[in-house]
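For the protein sequence lines, the chains are R and B, in the order given.
Positions 25 to 279 (our numbering) are the ones given, in order, by the first sequence.
Positions 5 to 204 (our numbering) are the ones given, in order, by the second sequence.
Rather than coming from a laboratory, the hints here were simulated on the basis of the structure.
Hints may be right or wrong, so weigh each one.
With a straight-line cut-off of 27 angstroms between C-alpha atoms, the simulated DSS-like cross-links for lysine-lysine are [what the hints assert, rightly or not]:
| id | chain 1 | residue 1 | chain 2 | residue 2 |
| --- | --- | --- | --- | --- |
| 1 | R | K165 | R | K40 |
| 2 | B | K43 | B | K204 |
| 3 | R | K165 | R | K190 |
| 4 | R | K234 | R | K190 |
| 5 | B | K155 | R | K223 |
| 6 | B | K63 | R | K190 |
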Amino acid sequence: MLARRIIPCLDVMGGKVVKGIRFANHEIVGECVDMAQRYRDAGADELVFYDITASPEGRKVDISWIDKVAAVLDIPFCVAGGIRSIADAAVILAAGADKISINSPALSNPDLINQLSNRFGRQCVVVGIDSYWNGQDWLVKALTGDPDKTITTNWKTIDWIVEVQKRGAGEIVLNCMGEDGRKSGYDIRQLAVMRELCKVPLIASGGAGKLQDFADVFCQSNVDGALAASVFHYNTISITELKSYLCSQNIEVRQ
Amino acid sequence: MCCSPEIMLVDTGCANLASVRFAFARLGVTAVISCDPDKLRTANRLVLPGVGSASAGMKALDDSGLAEMLTEYQRPLLGICLGMQMLFEHSNEGDTACLGLVGGEVEALPTQSLPIPHMGWNTLNLLRKDPLLTGIKQQDYVYFVHSFAAKRSADTLAISNYGMDFSAIIRRGNSYGCQFHPELSGMVGARILQNFLKVK
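Working from the sequences, and respecting the hints, build out all of it.
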């Protein structure tokens, strides 16, 4: 049976892994290679490295650490942040990343999804969506890496999630912004709505705080994977403990 | 030349080879990447990786003379993901004629209500013993990313299930294939690659 995936997300700034709350107040927590091995050894199914400065600052992803991570890592990893062209993606994939994830550049240039999918295959094209509830609708935000530059787009999340699949997204990471960093649980309702619209693998992001949050998002929103950052970085939850717990809840995981 | 290269990776120009090269490096083996049929045919073992569509992959093999070399190659050959699919006679993806080293055809996974691509860690159901499977246990997890697959056949060593049973590992003679990515499948995948380095 296909296992539900547990995916730690490592924020990268200047080639180092950093952590912060609600997209701000970052501090360095370690080297990419060390953190990658640590999470692999703990049982992570996949890793996402998110260059949190690349998109808002208009810089490209610094690739110096990518081939070092690829050399040691025997599980898949995805690189996100600042990928604006086929050339950007080609460099990152050639360095050994298995997937690339695009977010804000897909909003300013939706055809980028088609181009990447046609060139590299949809299996390595992940589209990240930052979704925000305005009281009436879920709306897509862009440039969320920097709170001062963040904008709300004209896209409703329910429309954008369909659009990116039409254009060739092979996987979608839905980051529910109201929940991000609050540790009050994944946005079960929103994720369940989007699951119905999502025919490619869907990864939940934002809000993980305790073991039960993971069981709830798998059982109630039927997502393929759950992404989390701070609960893993601060050792609030160990991946080993999480997988034992999910197994005890009859949720299929790789142990 | 004192000896043949132990293992080479077939560069079709449309596959990401870094992960496979690194996986062999972790086993202490330098895998040389080449797109030159004359160099590749001297290797003791070949790996044919592949991502993207069957039609693009086969076109790249046909245009470069690699298809002819691969069908003539007598030593162990391992196809990974699309590389495995191209070992078959035919793929329904773009109605593509493939290498024909293994009988049968590749078809789309049934979509039903399941997300496509089939992406993530799934279990192996081992059907018979083979040197490629030394040290691999029933229900070991490996990492898949694909939308097409071959049904179980006489050449199937292991199946997996996603909407249907499909061939996860195949072998006919010296042609081996993994539908999953051994280079991304942790210790289990590393063991399969290590076994491949030893098959006669």
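Hints versus structure:
no. : hint              : result
1   : K165/R <-> K40/R  : holds, 26 angstroms
2   : K43/B <-> K204/B  : holds, 21 angstroms
3   : K165/R <-> K190/R : holds, 20 angstroms
4   : K234/R <-> K190/R : violated, 35 angstroms
5   : K155/B <-> K223/R : holds, 23 angstroms
6   : K63/B <-> K190/R  : holds, 25 angstroms
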